[in-house]
Each structure stands twice: as structure tokens, then as C-alpha cells.
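Let the hints inform the model, and build the full structure from the sequences given.
Just so you know, the sequences run in chain order A and B.
Reminder that position 142 of the first sequence reads as 379 in our numbering, one-by-one numbering, no gaps.
Reminder that position 407 of the second sequence reads as 877 in our numbering, one-by-one numbering, no gaps.
Check the hints yourself; a few may be wrong.
Unchecked claim - Derived lysine-lysine pairs resembling PhoX-like cross-links, with alpha carbons at most 20 Å apart:
id, chain 1, residue 1, chain 2, residue 2
1, A, Lys569, B, Lys517
2, B, Lys779, B, Lys829
3, B, Lys1193, B, Lys1159
4, B, Lys710, B, Lys779
5, B, Lys577, B, Lys588
6, B, Lys588, B, Lys550
7, A, Lys569, A, Lys490
8, A, Lys569, B, Lys1122
9, A, Lys371, A, Lys428
10, A, Lys555, B, Lys593
11, B, Lys1031, A, Lys569
12, B, Lys1043, B, Lys1122
13, B, Lys593, A, Lys547
14, B, Lys692, A, Lys243
15, B, Lys782, B, Lys824
16, A, Lys476, A, Lys331
17, A, Lys243, B, Lys472
18, A, Lys572, B, Lys517
19, B, Lys510, A, Lys572
20, B, Lys588, A, Lys555
21, B, Lys1031, B, Lys981
22, A, Lys331, A, Lys282
23, B, Lys1076, A, Lys246
As the list claims (entries may be wrong) - Chain B regions said to be covered by chain A (calculated; three or more residues, Cβ under 8 Å):
id, region
24, 475–486
25, 499–505
26, 523–535
To be verified - Residues on chain B that point at chain A, a partial pick, calculated with CB under 10 Å:
id, residue
27, Leu489
28, Gln538
29, Asp546
30, Ala632
31, Gln636
No lab work stands behind these hints, which were simulated from the structure alone.
Keep in mind that this is a model prediction, so the values were computed, not measured.
Where is the CB? At the ideal position from N, CA and C, for every residue including glycine.
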Amino acid sequence: MSGEVKTKKLFQYTYLLLIGGVIALLVGYFWLSQKQQRPGEPLEKVTLAEPTQPSAGPVYIAYIKGYFKDEGLDVTLQPHTSGKAALNAVLEGKADLAVVAETPIMFAVMRGEKIYAIATLFTSEKNMAIIARKDRKISLPADLKGKRIGVSIGTNGEFFMDALLVMHGIPVKEVKAVSLTPEEMFDSLVKGEVDAVSTWHPHLIRLQKKFGERAITFYGDGIYTWTFNVAVMQEFAHKNPEVIQRVLRTLIKAVEFIRENPDESRKIIADYIRMDESLLRELWGIYNFGITLEQSLLINLENQTRWAIKNKLTDKTKVPNYLNFIYLDGLKAVKPEAVTIIR
Amino acid sequence: MKIRTRLQIIAIFSLAIALVIGLVLFLTAQRVNKEISGLKIADEIAKGVFELNIITYEYLLHHEERMQTQWQLRHDSLTKLLTGEEFKSPERRLILDRMHQNLESLKALFSQLVENYKRRGRKESALSRELEERLAGQLLVKSQAMVSDASQLAEASRAEVAIAQQRSSLLVMVFVAIMAAIIAAVSFMFGRSVVKPIRKLHEGTEIIGAGNLDYRVGTTAKDEIGQLSRAFDEMIGKRKRAEEEVRLLQTITFAISETGDVHSALKIVLQKVCEATGWIMGEAWVPNSDGTNLECSPAWYSRVEGLEKFRKESEKFTFPLGIGLPGRAWSSKKPVWVGNVTLDSNFPRAEIAKGVGLKTAMAIPVLIGDEIVAVMDFFVFEARKEDERLLEIISSVASQLGSLIQRKRAEQEVRVLEEQLRQSQKMEAIGRLAGGIAHDFNNLLTIIKGYSQLSFGELKEGDPLRENIEEIRKAADRAADLTRQLLAFSRRQVMEVQVLDLNTVLKNLDKMLRRMIGEDIELTTLLFEDLGRVKADPGQIEQVIMNLIVNARDAMPRGGKLTIETANVELDKEYARTHVAVTPGPHVMLAVSDTGVGMTPEIKAKIFEPFFTTKEKGRGTGLGLSTVYGIVKQSGGNIWVYSEPGRGTTFKIYLPRVDELAEELRVKVEGPELPRGSETILIVEDDEKVRKLALKILEKQGYEVLEAGGGNEALEICRGLEKPIHVVLADVVMPGMDGRQFAEKLREVCQGFKVLYMSGYTDNTIAHHGILDEGLDFIQKPLSVDGLVRKVREVLDK
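Take a look at the structure:
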């Protein structure tokens, strides 16, 4: 009888133990999954300087859609006319982050500024071209020899022109480079003051529309990839690694949104930067949005550096080690597969 | 093992298997994960080697610091990958070691490349150019070897994954097989331990339901179904015993309901119980008449021969409360079991029992409420342990018997009461008849007596007619006597009620009684001291006593004992319930007993009827006991007779006791001369002859007499009369207007007269239950000359 009771007790305990184990597992699982969400923390104030260009699209999407807030960031967008100006704001301490092309970054590094590129958010191979007037007897790139080419000296426009000329066996000395601001390009070509201009969109598309069949456009065919990147002061990155990660997460989310909702994204971007939406739609096909850190960024920066040294655009003679100016840890923590820089 | 336990074991076993399987699957998944990460590492190594090549290529182009840094970084990360713990198998370690060596070779080659560049600076030489080419070629070779090793590693991991997956599939199959086996085992177990026994149980219920209470499922299993089966069997066993009990009870009930008396009922019960239980002998004990002892009932039963001796000896025994087996059952009012009577200290018949070999005995009391009716004893030869169940069954039989006896008693009571009622109704009817006759008789006798007396008075002494008239008068007197007795019986006599002490009456009568009974009969009077008083007519009571004494004497022609007894008794409700016309309360009893011939019940039933006599012709009038009956009843009492042929007779009279003190017995003293008078008397009598006779008698005594045949005529006379009327002699019973009404009417016309009522018998007009209303004067018919003259004078002189 007592043996029976004992066995019964044993069974009861075993049951209880099993049930307890299952409950403990469930509770543990829910506790862990709950732990990942931590709402209610105060928002981190961040100022982001942007170039008012479609290439900074993910920033506008994230801002308008409130993705920054979702990540606990109170972001102020600081508009600038170019990426260079935006980077200057960071260098002057007026902003925390800047959306900027690789060339201003290269020059800043050459000047000895302690900055980091934390991610590329935009690339395009057809954002820049040389457009030439056919009436100046230009129908092939080789025809550019001896011609007057409008270019903004010291910008990637000049770098592109040099690269294109080299690629087609034309020594840079055999063309007449005419220094123009980006805004002067249109009028100069229309007036015929230059035979061609090395410029980028939207000036490029305006000229293409203006001339139509009367002009020819030479793209780089892979010799140059224009990038827009997010840059910060090195000090900021070291002090706020968490903020960097959140910014990157937000931008990744915004890029996903753009991929899934291109029409809505175009509308948001066009509205924000007050650009003709139809124009944006025309250009949309040449834009690539994606948060990455690629080996090509390094190579690009180095190529431009060598070009700058060769053309005496800088007083430095040695190519710096750009690995020291790229902040890998942020993106590695958020999206490691997006980092293809060899390490 | 219990089904519950089995199910629990199966549940735990299944859980354990599930746990083991889960664990193995988990480990397999771990293994697969590890192999997948191995695969990833192999991929990563291949990628790393490829990236080193890219950087080498860049270096060959630009010879810059960044490439060196990056090369070093990539080399370091690759080295880290190769020294990782992921690959433990010796073959893989071998590959890894080879890769490690190759990686180191790569590093050495790259370092040489860097050295070469540093040495030559920007000026290219053919030699350094050649070295650079060779180093580059060597780097490619080593890289190729590493990529190939990496793919080998990947292949090994893929093979491991395949094996692990195969193993887990096998395990899942095993699990499925085990579960299938468990399910099969459970269903088999259910079939064997649950379904089959339940089916058997179901068959059992059908068999039992069909009436076979001997069927048993008989499962030996120790599980729940086994318990259920055993409980079921036990229940059926109980049910069977209960049915047997009911059957025994029914048999006994049926048998005893057919019997008339307790003893034959007991005999049947003893026999049936012995037959049904296998006990050897049964006997019964009943309380004796005064309830002090249990005595042997004639009822007994034995299944075997040879116990007669025990029986004969037993008949000599009586058992008081608590003594012997019957006495114990009596005192405890519960069944008693004696395992061995020969060793029992409270078994007086131990020796006899030992002689015949009886051992175990039980005694079961038969009770009605708390009253013991009988005790039944049963015996067996062998020693037995107490069987509570048996005691219970026989107790219920005994209780059944008790109820039956009670019912019989109640039926008997009802019968007796009915008989008493019938008897009293008969007496009432006869009484009414006798009363009616007596009324007319009295008028006739008044005339006969009156005229014979008058005639006798007018004849001279020596006249031979005087003797004749004297005979007529005597006969008339006897007739009047009879009539009076009839009246007494019919309770129509007017009683002169007095508070009496019966002892005093008896003492006064003693001498006369002794004279009456003669010398052969011994008279004993047991007079209760402090005897209570009764209200009665002393003359009537004397007559009652004398009649009873005469009756007793006649019952003892050869002498005997005659006892007169008085006592105070309390008649309770119970007594009143069982005796017709008895009011419960304090009574005085007068009992007259003889040791005479006694009576049969048939005679007993008729003795109070008038003219019923057992005496030879001429000796009795047949009115003696009728008179007694009438007087007792008229006095508010009761009379009961107890008699058995050859055992004598007892008459018991109960008269209601009163608290008042006894009055002196009134004795009338009468003068020798008839009184005379000259007052005016009005006679109102519808019987003309009686009226004329009364007129004659009263006129002879000097009175002025007026007569009227009815109330109205009398009123007429009074209205016309100028002189006063002193006495109105009025018949109570007249057509049109009774005496009382007439007297009241007459008072409206004239006053100052007295009324003397006369009647052959009383009714409610002037008396209630024979007792005259206060202040009334009455004279009983038949009128005698003396009686009338003296009564009239008495009334006038009041």
C-alpha cells in the first residue's frame, strides 16, 4: 500500500517536473524575446547635413517615414547645396553627419582631416558624362582631342574627364579644359563657348534635353563609379558607436522601403528636395541605393588621390592608407555582409 | 498492476523516449550547424585566398602601403580561421595544417615581393622584374593549393551533414516505430485488461440480470477492473443474501399470518429458521402471567431426534430477567450469542446441554416496542463463532413476528370491543323494550293491587274471599317486583342517589349475606382500607350485592369459596380504549368471586340478558343479573365478568369514585296507621282506571279529590275553581302535554299547590339518568294504597 503511494507520488513529481520544465522554457523564450525591444529611452539628438540631391534619397525617406525616431534618434536634416558643403558643416562641427560624394572625402583626407566614411548609400556609373556638341565635329570620344571642354576643376568632373581621355588615348594636355562652375555648364555649352562639358545630372539631362540629337553623350563605361557616402568626424564615431549603428540601421530600412515602394519613394524624395518628379523618374534607372562598404570605395579613393597628386591638386605626394579613414565597425555590427572591404 | 500505474509508466516511458529522441535530434542539429559553419569557414578561406590574390594584384600595380596593410589583415584573419576549433577530425586537421603551411608560404612570398619592391624602388630592373614574376607565379600556385584544400574541407563537411541528416532520419523512423509499438502495446493492454474484463463484467450483469444471483465474475486481476469486478461480486453476494433473507421473511410471514396464536406462530418461526439456517433446535420462552419470569412455550422444533430429554428438562425451568440465555436476551433486548453453552457460567441448563451435545446457542428476543413477547433460542452441536449476519437475519424475522403478534393483538382488541359494543347495544334495546312493557304493566298492577287492597279492606274478618284477594295481592306484588326488576335492568328506575361507602354497605349486609349463602360456602370479605366513595342508590346497591351473592351461591351447589373484595382502582386510558363505555379516572371496584362451576364463553355472552337463566325452572327469574347490570350502568359504572368452566366466576364492578363524604344511610320510619287529610287534591291521569283508583283511595282518607283525564281538562277545572288546590298528582307521561309542562301551565292559572309526579318509569321529563330534578316529588307506579297515601301526606306536610 505504502509502495503504491510512493510510486504515485513519484509519478506526480515527474509530471510536475516535466510541466515545470516546459513552462520554464516558454517563460525564458518570451523573456529573451522581450529583452530585445527596449522602448522608452530618450531620443538621441543628431544633425545630418545633406546635399539636397536624389542621391541622398534614403535619408529623406528615413526622415519622412519616421525611421530615425523608431531607432531612438532625433535627427535634424541640415540642407546644403552640395555634398562638399555638407562635409564642411561636419568639419566645422555644425553637423554630426554628412552625405557626401567620395571626392570631397578624398580631398579632406589629403588635407589631413580626421574623418571617417561610415557607409556608402548611393552608387551610379551613369551619373556623370561628357556631353559634346555634334556641330563641333565630335561624334566619338577621340574627336575630343583639341576641343574646349568645360569642367569644374578639382571635382570628380575633372577626374572623370581625365579618366575618359586616358581611356581613349588622348593626353589631357591635348584638350583645352575650361574651368566652369556646375551652374555655368549649361549656358556655356548652349552658347558654344565650349565644345563639350564634363558634368553630372541634373545639368547633364537638361543639356541632353536641350540639344537632343545635336549632342552626343560619352559615359565612362565603368571607368568611374560615383558614390555618395555618410561621413563623420572620427571622434564622433569613437564616442557614439551606438548612434552610428542606429543611423545605419535606419538607412538600411529606408533602402528596403525604396526597393519595395519606388513610386512612393520618388514622390517623397522629389517633394523633399523640390525636384520635378518626372525628371527623377527618368534618372531613377541609373541610381543604385544600398548601404555598403565596398573594396571599390578604397580603390576609387586611391585612384582619385593619384589623380590629384599627378595634377598637383594637393601638395601631398603619397597615397594615404584609406583603411584608416573608413569606419568598418558600424556596418559590420549592423549588416556584416554589406562590408566587402578586404580585411 | 493498476491500469492507472501502467498508463503512467507508458506516459513516462513515451516522454523519456521523446526526450532521448529530442536530445539526439538536437545534437544532430548541433552537428549539422557545426558542419554548416565548417562549410562557411571553408568558403571563407576560399574567399580569403581569392581576396589575397586581389590585393596581391593591386600591390603589383601600385605597391602601396594600404595593400600591405590589407594583405596582412587578410592573412591574419585567415590564420585565425585556420586555427579555429571547428575542425577536429585528424584528416581535416591534416588539411588545415597543409593550408596553414601554404598560407605561411604565401606570406613569405608576399614579403619577398614587398622586399623586392623596396630594394628596387621605382626603378625597374629586369632582374627584379623577373623575381616579381616568379614570386607572383608561386603565389598563384600556393593560392590554388589552398583553394583546393578549402574545397576538400567543404566536401568533408557536406558529407558529414549528409551523414547527420541520414542519422536523424533513421532516428525519426526508430521513434515512429517505438511509438507505433507503444500504441500497439497500449491497445493490446486495453484489450486485455480493460475491454475483455469489462465485456466479462457486462456478460455477468446480463446473467445476473436474468436472475442468476449465483454467478460470479471472479476476476483475479489486481487492477481497477479487478477491483470493480470484486466489488461487483461482493455486491451480488450481498444482494443474494438479502434476497434469501427476504424470502425467509416472506415464508415466515406467510406461515405465521395463517396461525391464530403466539405459540403456533413461534413454532413456525422456529422450524423455518432451523430449516433455512441449518441450526439443530429451536425453542421459545414467553413471559408468565405476572410478567416476572420467562416460562417455556409449548412451541419448539428439532431437526434431529434425541433432543426430547433436553426439551423435557427445559420445561421445568423459568428464567427471571438477566438469568440464563432467555433471561439475558430479555434484559438486553438484543440477540445473545453463546459460543459454548457448556462452558457458560450464566447457562443453568449447561449440564443437560452437555448431555445431548449442544454447544453453540443464540437467543433472539421478540419485542413489541419495549415489551418482550417471547425469546427464541436456537442450538447447534458444534462450537461456532458469532455470526452477526445470521443474528441480523433472525432478528428481522423476530421483529416481523413481533409486528405480527402486535397486529393480531390489535385485531383481537377490536373484536372484543366490537363484541362489547354489540352486547351493550343489545342490552340497551332489550332495556328499552322492557321499560315499555313495565310502564303499561305498572298501570295494570296499580289497578289490581289497588282494588284488591280496597276490596280486602272492605271484607269482614273471616270472610273466605279475603284469602282469595290476599293471593291476588301477593301475585300482584310479585308481578310488581318483576316489573321493578325489569325497570332496574332498563335503567328507568328513579334512584335516590346518595354518597356511599361500599365497605359500610357491605358491613351492614354481612349478617344477612352469611345467612343467605348457607354453611357450605366460605365467605371472605377483603375490604380495602380507605376505600373511596361512590354515588348511588343504597337500596339498589344492596340489591346488586345480594343478586351477585345469590348467583355465586347457586354456582356452588357443593360449596366453595366466595370472596367479596373492594379496592380503589385507577382506570387508565389504555383500559378505556379496550373497554366499551369506560371513562378513564378513579374508580371503586367491587368484586365478587366464586369457585363455582364457571361459564362457557357462550353463556358468558348472555348472562346479563333478562330472562336468561341456567338455573332449573322455577329457581331463577332470569332477571337477577339483568337488574345488576341495569343498576351498575345507571349508576355510571361498569360490570365485567371473568369466568372459565370449572374455574369459577368473578364479577367486577367499577363505580366512579367521588371525593365527597359518605352520607348517613336514610331509614324511613313508617307508622302503623295510614295518615288522613282534608286538603284538595287534583289527579291528572290519562289512564281512567288508575285515575279512578287513586281517587277512591284518597277520598277514603278524607281528601277532597278532583280528577282530570288530561292537561287541558285539568286547566279548565282550575280556572273554574274558587277554592285552592293543595296537591296536584300528575302522571308524567300523558298524551298532548307531559306532567312537567302541565305543572308550569297550571301555575299561570293558580298558585300555592304542590306537585306529586307519578310514573311507571322515568324519562328525561323530570329526571336525568334516573336522578330526579332538585325539589321534585315523585311516586313510582304501580301505586299501592299505603305508598300513595303516605307519599301524599309527606308532600302536603313538607
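Evaluation of the provided hints:
For a cut-off of 20 Å, the pair hint linking lysine 569(A) to lysine 517(B) stands: about 17 Å separates their Cα positions. Restraint check for lysine 779(B) and lysine 829(B): satisfied, since their Cα atoms lie roughly 16 Å apart, inside the 20 Å limit. This hinted pair does not check out: lysine 1193(B) and lysine 1159(B) have alpha carbons roughly 26 Å apart, beyond 20 Å. Taken as a hint, the lysine 710(B) and lysine 779(B) pair is broken in the structure, with Cα atoms around 38 Å apart against an allowance of 20 Å.
At most 20 Å may separate the alpha-carbon atoms for a hinted pair to count; lysine 577(B) and lysine 588(B) meet this at roughly 16 Å. Between lysine 588(B) and lysine 550(B) the alpha-carbon distance is near 28 Å, which puts this suggested pair outside the 20 Å criterion. Between lysine 569(A) and lysine 490(A) the alpha-carbon distance is near 16 Å, which keeps this suggested pair within the 20 Å criterion. Taking the CA atoms of lysine 569(A) and lysine 1122(B), the gap is about 134 Å. The hint is violated against a cut of 20 Å.
Of the supplied pair hints, the one linking lysine 371(A) and lysine 428(A) holds, its CA atoms being roughly 14 Å apart against a limit of 20 Å. Restraint check for lysine 555(A) and lysine 593(B): the C-alpha separation of about 17 Å stays at or below 20 Å, so the hint holds. Simply put, lysine 1031(B) and lysine 569(A) have alpha-carbon atoms about 145 Å apart, too far for the 20 Å limit, and the pair is violated. Of the supplied pair hints, the one linking lysine 1043(B) and lysine 1122(B) holds, its CA atoms being roughly 18 Å apart against a limit of 20 Å.
Straight-line distance between C-alpha atoms of lysine 593(B) and lysine 547(A) comes to about 18 Å, which keeps the hinted pair within the 20 Å bound. Between lysine 692(B) and lysine 243(A) the alpha-carbon distance is near 18 Å, which keeps this suggested pair within the 20 Å criterion. Using a Cα cut-off of 20 Å, the hinted pair lysine 782(B) and lysine 824(B) holds, with the two alpha carbons roughly 15 Å apart. Taking the CA atoms of lysine 476(A) and lysine 331(A), the gap is about 17 Å. The hint holds against a cut of 20 Å.
Between lysine 243(A) and lysine 472(B) the CA atoms are separated by roughly 14 Å; this keeps the pair inside 20 Å, and the hint holds. About 18 Å separates the Cα atoms of lysine 572(A) and lysine 517(B), which keeps this hinted pair within 20 Å; it holds. For the hint pairing lysine 510(B) with lysine 572(A), the CA-to-CA distance comes to about 17 Å; that is within 20 Å, so the pair holds. Taking the CA atoms of lysine 588(B) and lysine 555(A), the gap is about 15 Å. The hint holds against a cut of 20 Å.
Distance hint between lysine 1031(B) and lysine 981(B) is fulfilled; the C-alpha atoms sit about 17 Å from each other, no more than 20 Å. The hinted pair formed by lysine 331(A) and lysine 282(A) meets the criterion: a straight-line CA distance of about 13 Å does not exceed 20 Å. Of the supplied pair hints, the one linking lysine 1076(B) and lysine 246(A) is violated, its CA atoms being roughly 90 Å apart against a limit of 20 Å. Counting residues of the region 475–486 of chain B whose CB lies closer than 8 Å to any CB of chain A gives 4, which reaches the minimum of 3, so the coverage claim holds.
Only when three residues or more bring their CB closer than 8 Å to a CB of chain A does the claim for the region 499–505 of chain B stand; here the count is 0, and the claim is violated. Counting residues of the region 523–535 of chain B whose C-beta lies closer than 8 Å to any C-beta of chain A gives 6; at least three are required, and the coverage claim holds. Interface hint status for leucine 489(B): upheld, as the beta-carbon distance to the closest one in chain A is roughly 9 Å, under 10 Å. With 10 Å as the threshold, the beta carbon of glutamine 538(B) comes within range of chain A, its nearest partner Cβ sitting at about 9 Å, so the hint holds.
The beta carbon of aspartate 546(B) comes within 9 Å of a beta carbon in chain A, closer than 10 Å, and the hint placing it at the interface holds. Given hint, alanine 632(B) at the interface with chain A, is violated; its Cβ is 26 Å from that chain's nearest Cβ, farther than 10 Å. Interface restraint check: glutamine 636(B) against chain A, minimum CB-CB distance 29 Å, threshold 10 Å, status violated.
Of the numbered hints given earlier, the model fails hints 3, 4, 6, 8, 11, 23, 25, 30 and 31; all others are met.
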